[in-house]
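Enquirer: Let's have the full structure, built from the sequences with the hints guiding it.
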Amino acid sequence: MLYLKLTRKNFLAALGSFSDYQVYAPKRTEDKVHLKEITILELPENLQFERCTHSAKELFLPPEETLFYFKRFSSAQKPLLDETKRLIIGLRPCDARALQVLDSNFLQGGFDDPYYRSRRENSLVLTIACREFEKTCFCDALGLGPDLLNGADAIIYDLGDQVGVLAGNTVLAQRLQAFALETKEVENETQVDRGAVPSREVELLPVKSPEEYFPLIFQDKLWEEIESACLGCGACSYLCPTCYCFDITDVNLGPVGKRIRTYDSCMFNMYTLEASGHNPRPTLKERWRQRFMHKFSYIPYLHGLLGCTGCGRCLEACPSRIDIREVVKYVATFTG
Amino acid sequence: MENFEPKIIAFLCNWCSYAGADLAGVSRFQYPANVRVIRVPCSGRVNPLFVLKALYEGADGVLVSGCHPGDCHYQSGNYYARRRLEVFKKLLEFSGISPARFKMAWISASEGAQFAQLIREFTEEVKKAGPNQEIIREKSDLEEFLNESR
Amino acid sequence: MSLGEITEELIAKGREAFLNEGIEVLLGFEKSSSGFLKPKAFFSPDSLKTLCWDASASTNLAALLPKYRGKKIGILAPGCVSRSLVILINEGQIVREKLKVIGIPCPGVIDRRKLGPLKNSHFLGSKGEKFLLESDNQILELPLEEYLCDCCLSCRYPSPVIYDYMIQGKSREGATDALEGRVKKINSLSEIERLRYFQDQAEKCIRCYACRQACPMCYCESCFVESSEPRWLTAAPTIPDNLIWLLTRTYHLAGRCVECGACEQACPEGVDLMSLLAWAKQTVFQLFNYTPGLEIGEKPALGSFSYDDPDFFWGGGLTEEKKCCT
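Chains as they are written, first to last, in our numbering: chain A, 1 to 336; chain G, 1 to 150; chain Y, 1 to 326.
Hints listed in this document are in silico derivations from the structure and should not be mistaken for laboratory results. Quick caveat, the model's predicted, so the values are computed rather than measured. Note that beta-carbon positions come from the ideal geometry of N, C-alpha and C, so glycine has one too. Some hints could be false.
Derived list of chain Y stretches under chain G, where covered just means 3 residues or more per stretch with a C-beta under 8 Å from a C-beta of chain G [stated by the list, open to error]:
hint: 1; region: 219-233
hint: 2; region: 238-250
hint: 3; region: 282-293
hint: 4; region: 308-315
With a cut-off of at most 30 Å between alpha-carbon atoms, the simulated DSSO-like pairs for lysine-lysine come out as follows [to be verified]:
hint: 5; chain 1: Y; residue 1: Lys114; chain 2: A; residue 2: Lys36
hint: 6; chain 1: Y; residue 1: Lys119; chain 2: A; residue 2: Lys285
hint: 7; chain 1: Y; residue 1: Lys127; chain 2: A; residue 2: Lys135
hint: 8; chain 1: A; residue 1: Lys36; chain 2: Y; residue 2: Lys204
hint: 9; chain 1: Y; residue 1: Lys98; chain 2: A; residue 2: Lys285
hint: 10; chain 1: A; residue 1: Lys32; chain 2: Y; residue 2: Lys114
hint: 11; chain 1: A; residue 1: Lys285; chain 2: Y; residue 2: Lys71
hint: 12; chain 1: A; residue 1: Lys285; chain 2: Y; residue 2: Lys31
hint: 13; chain 1: G; residue 1: Lys139; chain 2: A; residue 2: Lys32
hint: 14; chain 1: A; residue 1: Lys221; chain 2: Y; residue 2: Lys31
hint: 15; chain 1: A; residue 1: Lys85; chain 2: Y; residue 2: Lys204
hint: 16; chain 1: A; residue 1: Lys285; chain 2: Y; residue 2: Lys67
hint: 17; chain 1: A; residue 1: Lys32; chain 2: Y; residue 2: Lys119
hint: 18; chain 1: A; residue 1: Lys32; chain 2: Y; residue 2: Lys185
hint: 19; chain 1: Y; residue 1: Lys204; chain 2: A; residue 2: Lys135
hint: 20; chain 1: Y; residue 1: Lys130; chain 2: A; residue 2: Lys135
hint: 21; chain 1: G; residue 1: Lys90; chain 2: Y; residue 2: Lys204
hint: 22; chain 1: A; residue 1: Lys221; chain 2: Y; residue 2: Lys98
Expert: Written as structure tokens, this is what we have:
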């Protein structure tokens, strides 16, 4: 990958050359921050953005998506793909990391989701390295950091009156080169000037290998403890940047209709309710355990990367104040 | 709004109001054709969600009519309806949905003339309130698809 | 009332409930990682050493009862929770004999929304009229009154209405019109402004159902949103669908909501839920002179009727004119 140093003005000018892209950045409305379409002129020169309340998921896996239209006694219309070109700037490394987890589900493993792929292939994701930690985030405790590229097309480091851009995407790198002061080929983040990377005293949460978790921790009374607090609301899943479960329903108007995809949560009672009436996850103990194992055991086992980015949105939103960090710590240090 | 013909859904209880409506027809009392009748066994059967669903699907006005208090075929169904629908009507008004859109009435089986009068009045009120834009589902994309594929 | 005293008495009463009354589980609170209290089920008298209660206890514990159906349950109950219990008893969801209620005189609960950026600080505890937060290595002492939930500010029943044990202490005195004020403000808007306001709330809603799950009155095993035939609203979080959700949940709670505020605390999006619910309470009271959760044995307001109920129906009041057929 290419590392470039540019003045802020030149960097914004370079972005301006992407005139065929719609630009999206985190924008605050009242007490929420969402990814909204803006013009290049509105981009702040200091390139400081607040962290999104809902993460990049709202653009790549939107809360409501029409899959296709159909007519009775006729075939369905071709899938409605979103091919809008988007340049998304201002996300964080944990958001980029989350996209890697979503990629592992929607683009790998033999099932290719054309809707997700279309959005992903038509977007450029430029993240901003964090200047400070939130009180609730813990990417560093998981061995992930606030200054990593994490598969984004580029990450932008604050170097005072200049910016350092580590570009993983060659097309983007080439376009930026024309505006850069200096460039160099590098292999990873440690070889470049990342400005003031925040650091703090944090206890590393060693994450066990997925195979070790299952036999050890599955029957532990830990899950009953959590069950006593968990209300079974979907807040954690809906806000989580890596939660991707969805529901598919049809909306009709007489002889025509459309199939839509909306969010679902494994915390809901009906999630695994079968037509016979049997529910393999009848209580919140089974459901919360599943959610945790999915992030920390099943995804690593199937796809080789942690399913949690350490963003902390779940523990901030949880009405019962369940702290996933405590669970990770308990499980990580569990010896049976 | 010129030429706006509201769609009105009327939930009429089988024993009194539906019979009253029938009498209006047989007696040739004139009333606007905007109303579509749904027969229910009793006004107490009417779930307020019926009203919301009707508006959501595109109705401009919803009417619920039952037997006069004391005359319910099931003794007390309309008493429950009276309480519940009153609270519900006020809820719709509080949330900014035009109060003209939901009406409750007592029409007995012999009150054909009154039924016609009721429909005349209600249709006028809903016409004045205009088309329902407060709580209606977005279906322009489906309508477009329907028209295309014709 | 200092924090230390009530904790000791709580634990003592909890132990009594296990040992003398034979409860199988006690629903209470313990400190979470951020210092704010989180709900916890205690299964033995020895586990009670982490039991505590303070002004950060925003969960309505009655919402957790369905998990322990059939067991003999002890539960911590300030005023609102005790009223929730009365309603659950009246609606046949729990049996009074299987409950042991530890009544708590409540000074009110902190509103996380009012804390703003401070909501992720570390909570150190509440004492009397103040509470302590640690933020950025500073200790802040803040007045409780400025950060209480609107529900607590307006609460007319801070002391429990039923209890088996009563913890000593003083409840909050002096109900303000915080909730009534919210309703008044909305009523003063024009019709179109009111609609815009609720459509804004509907736009914020993501249909995560945290409000429903946090509410003790939402105990239906199958909620109306899960009904596919008939289907009342789609799964998509559009404004009209979300309006149906908000309005119907409010309607289903009319005459049953005790205004504990747990729903609003649980909502991750900051939707204004209490204005609708406060309106519902006011309306049921004005029309039927009914306040939910005060007496065991009374029927729910919208599940009963009176021959003298106010009647605003068209054609109401039989006149001679209307009686004869024309």
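Enquirer: Run every hint past the structure and note whether it holds.
Expert: Verification of the hints:
1. 219-233: holds (count 4)
2. 238-250: As far as the region 238-250 of chain Y goes, the hint holds, because 8 residues have Cβ atoms under 8 Å from chain G.
3. 282-293: holds (count 4)
4. 308-315: holds (count 7)
5. Y:Lys114 to A:Lys36: holds (26 Å)
6. Y:Lys119 to A:Lys285: Satisfied, since the Cα-Cα distance of roughly 28 Å is no more than 30 Å.
7. Y:Lys127 to A:Lys135: Distance ~25 Å between Y:Lys127 and A:Lys135 Cα, so the pair holds.
8. A:Lys36 to Y:Lys204: Since the Cα atoms of A:Lys36 and Y:Lys204 sit roughly 15 Å apart, the hinted pair holds (cutoff 30 Å).
9. Y:Lys98 to A:Lys285: holds (24 Å)
10. A:Lys32 to Y:Lys114: holds (15 Å)
11. A:Lys285 to Y:Lys71: holds (18 Å)
12. A:Lys285 to Y:Lys31: holds (20 Å)
13. G:Lys139 to A:Lys32: Status holds; Cα separation ~28 Å.
14. A:Lys221 to Y:Lys31: The given pair, whose Cα atoms are some 19 Å apart, holds under the 30 Å limit.
15. A:Lys85 to Y:Lys204: Holds - the C-alpha atoms of Y:Lys204 and A:Lys85 are around 26 Å apart, at most 30 Å.
16. A:Lys285 to Y:Lys67: holds (10 Å)
17. A:Lys32 to Y:Lys119: This hinted pair holds, its Cα atoms lying about 15 Å apart.
18. A:Lys32 to Y:Lys185: Cα-Cα ~23 Å, so holds.
19. Y:Lys204 to A:Lys135: Measuring from Cα to Cα gives roughly 24 Å; hence the hint holds.
20. Y:Lys130 to A:Lys135: Roughly 23 Å between the alpha carbons, so the hint for Y:Lys130 and A:Lys135 holds.
21. G:Lys90 to Y:Lys204: holds (24 Å)
22. A:Lys221 to Y:Lys98: Measuring from Cα to Cα gives roughly 25 Å; hence the hint holds.
Taken one by one, the earlier hints all hold for this structure without exception.
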